[in-house]
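Q: Got chain Y; can you put chain L on it based on the hints?
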Amino acid sequence: MKIFGIYNILFFLLLAHIQQSIAQESKLNYQIILETKGEYNLIDENSRVNPGNRMKLDEFSSLSQLYPIFELKNTWGNFDTNLQAESNIQNYNFAKDSTNFSFQELYTQLVFKGKHFFVFGKKRLDWGTGMIWNPTNFFIQKDPVRIQNRLEGLFMFTYSYLFGQNTLSFYVFPERKGKDFKAAIKYDYSKERLDASFSFVEYGRYQQFGYDISYGGDLFTAYSEGVLKNYTKSFIVDNNGTLIPPQLRSEKFRSELVLGTTIIFNSNLSFSGEYRFREDYLSKNDIKHYKKYLPENIELFDPLSMGKHSLFGNLEYKDTYARWSVNLRSFYDVSSNQLAISPVGIFSLNNLQIELTSMFYNNSIAIYDLQTSLLVSCFF
Amino acid sequence: MRTSILILLTGFISLFVNGVRANIQTSDYLSDLDKSIYIEYATMKMEMLKNNKVVRYYDMEFYRSDSKMRMEFTAPASEKGRRMLNDNSSLWMYLPRTSKVIKLPFKQSFMGSDASNADLMRLCFKNDYEIVNITDKGNAIVQLELKAKDLEVAYSKVILLYDTKRKVPIEQEMFSLSNKLIKTMFYEDIMKIGDTYIPCTIRIKEELQKNTETKMYYTNIKKENTKPAEFFTLGSLRR
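Here the protein sequences come in this chain order: Y and L. The numbering used here puts the first residue of the first sequence at 4, with every later residue one more than the last. The numbering used here puts the first residue of the second sequence at 25, with every later residue one more than the last.
Bound-form chain Y, shown alone (with noise of 0.2 Å):
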């Protein structure tokens, strides 16, 4: 564990300390979440961005992760703290030696008459309105295939007010160079039925101005989330079939943009549904130029999507009492044909969940034909 690791828990428990010590009211809570996903992925020995396995991928593999979560909640006079802390304790395929221990959030929280809160910590970064792809949040992407894993949070301070439907937020990420210093101001807003929020984020040498709205109707909700921002994460392919760097393709302004919906039909059947528009990625014409260069061209490989359009569909049955759900996913992309078929089957008791997922890949750059995961996710 690094030092600036020990040093981060010591202030933190110090803190608690100090809270509790100073307390009307006190409360803590605790939960303990173990999970377990055992992996089978049948490799295309054909595939053109991995021929003949040269990547030496497993056919098997298993991902055990511990999350203990605790969280202390004081008040005293018109303050509330809060002070969080979670965890996580990974093994990959039970071997000794890949073990790893993190913390995805240690941060406190200081609330004054309910509409002032400082944050000071590691936390969990919490934009956008979008199910599968969050543009806005500049930092971490969720993983697609799994919209509901714990991210990892960011060091931050944030302060934010909150005045009748209102919330304005500032943010400072601290980094140890200046040329690297990142802030963000956040306004939310919400009216009846209609949520939105804008925001921009200064971010080193690059700036991206960000939106979401939502509306949610009686049996549907609609929301479309979107960015401007003059730096990008992804390589382009040139005619020469040469990768270009994201360092080298930053400075102008490109857009990237969410729409979505879901709409129930009954109480057992609904329909999610996403398309997003980035404008720094690959056209039709440099899906071209990148199948020519594979296997080289590797760095710029995504399994569902590379392209500038993406589509995202889940359609849900679930029984009555939500103990289990059928869902039918599938993501394709309309740039470079890349069409990923994913059954997925959730049975859930009270502090058991068992979800069972097969990824069918249907396109010429695929790694894999099929992938099927077991997680098995315990709570405590």
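Hints listed in this document are in silico derivations from the structure and should not be mistaken for laboratory results. Be aware that a few hints might be false.
What the hints assert, rightly or not - Computed from the model, here is a short list of chain Y residues facing chain L with C-beta under 7 Å: (1) R127; (2) L165; (3) N354.
Claimed, not checked - Taking lysine to aspartate or glutamate pairs in the EDC-like style, the calculated list, with each CA pair at most 16 Å apart, reads: (4) L:K251 - Y:D83; (5) L:K92 - Y:E195; (6) Y:K76 - L:E96; (7) L:K104 - Y:E74; (8) L:K131 - Y:E195; (9) L:K150 - L:D52; (10) L:K131 - Y:D221; (11) Y:K30 - L:E96; (12) Y:K194 - L:D111; (13) L:K74 - Y:E195; (14) L:K216 - L:E248.
Stated by the list, open to error - Partner residues aside, some chain L positions facing chain Y, computed with beta carbon under 7 Å: (15) K127; (16) D152; (17) R262.
Being a predicted model, the structure only gives us computed values, none of them experimental. All C-beta atoms in this analysis are idealised placements derived from N, C-alpha and C, irrespective of residue type, glycine included.
A: Structure of chain L alone, referenced to chain Y:
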């Protein structure tokens, strides 16, 4: 002629006075009903039963302020940390796994139960309904027939048994626009909290699926909570 005008006038005045008295009485019934089911804080256990067997349960803290409601889940362990906010026009859910808030379609049933979001809000009778018929059932019990004021209201007709002595509802039948009985609610375990009688158990029977039932048990009931107005906003739900 003068006498007949006087009789007519007296008749009108008496009709008017009786009308006002009736309005006051019916309006009082609805106000008292709202009062008896309005609480601002409780710990709540919700059980979903199939063939009289509990198939799912949730424990939560329930907060309310006028037409806004917030719930914080404390059990089972898989749902711990989940929060819901209903401000009578929108419904949001906070998911602790991703720290994200998602907006839900408003008429989505509540976590797979027989209760709709409107049922959980413990309906606001005075705003949503008017009394069209009152029948005396004896022993200080009256049957009220209520008609929805507009189509936005969840149930177009409600027939309610009301205890006029303790000023609490006993049983409530909810009908669809086509006059079909959809649900029956039973108000049980009536306790006196302060100067008001409050039902501490609500049982919801789904009439279309005969073998299912949802029970809601309220404990630690408080008529008022100390939470600021901001606690019932989307901004606060995220934090």
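Q: The structure should be examined with respect to each hint, and the outcome stated for every one.
A: Verification of the supplied hints:
no., hint, verdict
1, R127, "4 Å, holds"
2, L165, "4 Å, holds"
3, N354, "5 Å, holds"
4, L:K251 - Y:D83, "11 Å, holds"
5, L:K92 - Y:E195, "12 Å, holds"
6, Y:K76 - L:E96, "14 Å, holds"
7, L:K104 - Y:E74, "12 Å, holds"
8, L:K131 - Y:E195, "15 Å, holds"
9, L:K150 - L:D52, "9 Å, holds"
10, L:K131 - Y:D221, "5 Å, holds"
11, Y:K30 - L:E96, "14 Å, holds"
12, Y:K194 - L:D111, "10 Å, holds"
13, L:K74 - Y:E195, "36 Å, violated"
14, L:K216 - L:E248, "15 Å, holds"
15, K127, "5 Å, holds"
16, D152, "16 Å, violated"
17, R262, "6 Å, holds"
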